[in-house]
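Visitor: Protein chains in written order, with the numbering used here: chain A, 1 to 151; chain B, 1 to 151.
Quick caveat, the hints were computed from the structure, so don't treat them as lab data.
Which copy? The list can't say, so a pair holds if one copy fits it or any two copies do.
Simulated crosslink set (SDA-like; lysine to any residue; CA at most 25 Å straight-line):
no., residue 1, residue 2
1, Lys146, Gly53
2, Lys146, Ser135
3, Lys146, Asp131
4, Lys15, His151
5, Lys146, Asp96
6, Lys146, Gln94
7, Lys54, Phe98
8, Lys146, Asp89
9, Lys54, Pro80
10, Lys15, Arg73
11, Lys77, Ile56
12, Lys146, Arg102
13, Lys15, Gln137
14, Lys146, Val13
15, Lys146, Glu95
16, Lys146, Ser27
17, Lys146, Thr93
18, Lys15, Trp150
19, Lys146, Leu20
20, Lys77, Glu45
21, Lys146, Pro12
22, Lys146, Ile88
23, Lys15, Asp113
24, Lys146, Thr124
25, Lys77, Gly57
26, Lys146, Phe98
Protein chains: 2
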Amino acid sequence: MNIIHRVGIQAPVSKVYAALTTIDGLSGWWTRDTTGDARPGGAIEFRFRSADGKDIGGFGMDVLEQAPGQRVRWRVKEGPAEWLGTEIDFELTQEDGFTIVRFGHRGWPADGDFMAHCSTKWATFLLSLRDMVESGQGRPAPNDLKISNWH
Amino acid sequence: MNIIHRVGIQAPVSKVYAALTTIDGLSGWWTRDTTGDARPGGAIEFRFRSADGKDIGGFGMDVLEQAPGQRVRWRVKEGPAEWLGTEIDFELTQEDGFTIVRFGHRGWPADGDFMAHCSTKWATFLLSLRDMVESGQGRPAPNDLKISNWH
Numbered sequence: 001m002n003i004i005h006r007v008g009i010q011a012p013v014s015k016v017y018a019a020l021t022t023i024d025g026l027s028g029w030w031t032r033d034t035t036g037d038a039r040p041g042g043a044i045e046f047r048f049r050s051a052d053g054k055d056i057g058g059f060g061m062d063v064l065e066q067a068p069g070q071r072v073r074w075r076v077k078e079g080p081a082e083w084l085g086t087e088i089d090f091e092l093t094q095e096d097g098f099t100i101v102r103f104g105h106r107g108w109p110a111d112g113d114f115m116a117h118c119s120t121k122w123a124t125f126l127l128s129l130r131d132m133v134e135s136g137q138g139r140p141a142p143n144d145l146k147i148s149n150w151h
Numbered sequence: 001m002n003i004i005h006r007v008g009i010q011a012p013v014s015k016v017y018a019a020l021t022t023i024d025g026l027s028g029w030w031t032r033d034t035t036g037d038a039r040p041g042g043a044i045e046f047r048f049r050s051a052d053g054k055d056i057g058g059f060g061m062d063v064l065e066q067a068p069g070q071r072v073r074w075r076v077k078e079g080p081a082e083w084l085g086t087e088i089d090f091e092l093t094q095e096d097g098f099t100i101v102r103f104g105h106r107g108w109p110a111d112g113d114f115m116a117h118c119s120t121k122w123a124t125f126l127l128s129l130r131d132m133v134e135s136g137q138g139r140p141a142p143n144d145l146k147i148s149n150w151h
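Isolated chain A (complex conformation) (with noise of 0.2 Å):
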């Protein structure tokens, strides 16, 4: 089961290719708690925090391949169940001014409530990617976009 994607970006491809690939760029739109190393072989380490700053869990990814200007992908370490093993990958194109974004969230279990919820999230953390790049300004955890009681 995946979760799939596409935004498109009216900016250069490497300035979205730089959101992708290093902690400033990841920090900027999807948690501003982002540590590690973003390079290939590398481990990034995403950590999400309640409004009053208590840690609620978090991500641990391996940098599978960065492919300049074309693709990056990580395999998820650490994390919920659902999502250890699974994959997630952007591949970059330039398409009428923009630079498309192809998201893919591979190798769910099961297509239930937390991958829905997850699906949903990922649109809205495309859009931050989308506004940071764009104008300057994403929407990363903990301000990111509340989409439910699960946030």
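Since the structure of chain A is provided, determine the placement of chain B on it from the hints.
Guide: Coordinates of chain B only, in the frame set by chain A:
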């Protein structure tokens, strides 16, 4: 291949159900140009227009099922080839003061680019549904949030 999403709306289930089962409700969050008969056995026509009023496509749906306060299910009978025969369902439950909407758009022939685009776009329309029900103001087409060169 299925698109799935989950959003929570801080409003009574009856209000969310009305937004999914009346032409007035549907035209407030998906597309202004919604016509037809939203009752079971009826058919709904959803049309989309560009900013200058030109018809740019749409979908015809048969209403397969309505379980008051619980479920709505449609089948696509007119529209782009990838959509024909696919089914769309909304399941409603109550949790923590939210009406939870579990959304599915099921039966895609392949998880290609158009499905990825529609997955992201459905997320934005479900948040438009949420905003309409909670605040009275959604973002139906042609005022929908644009996400790429494909709108």
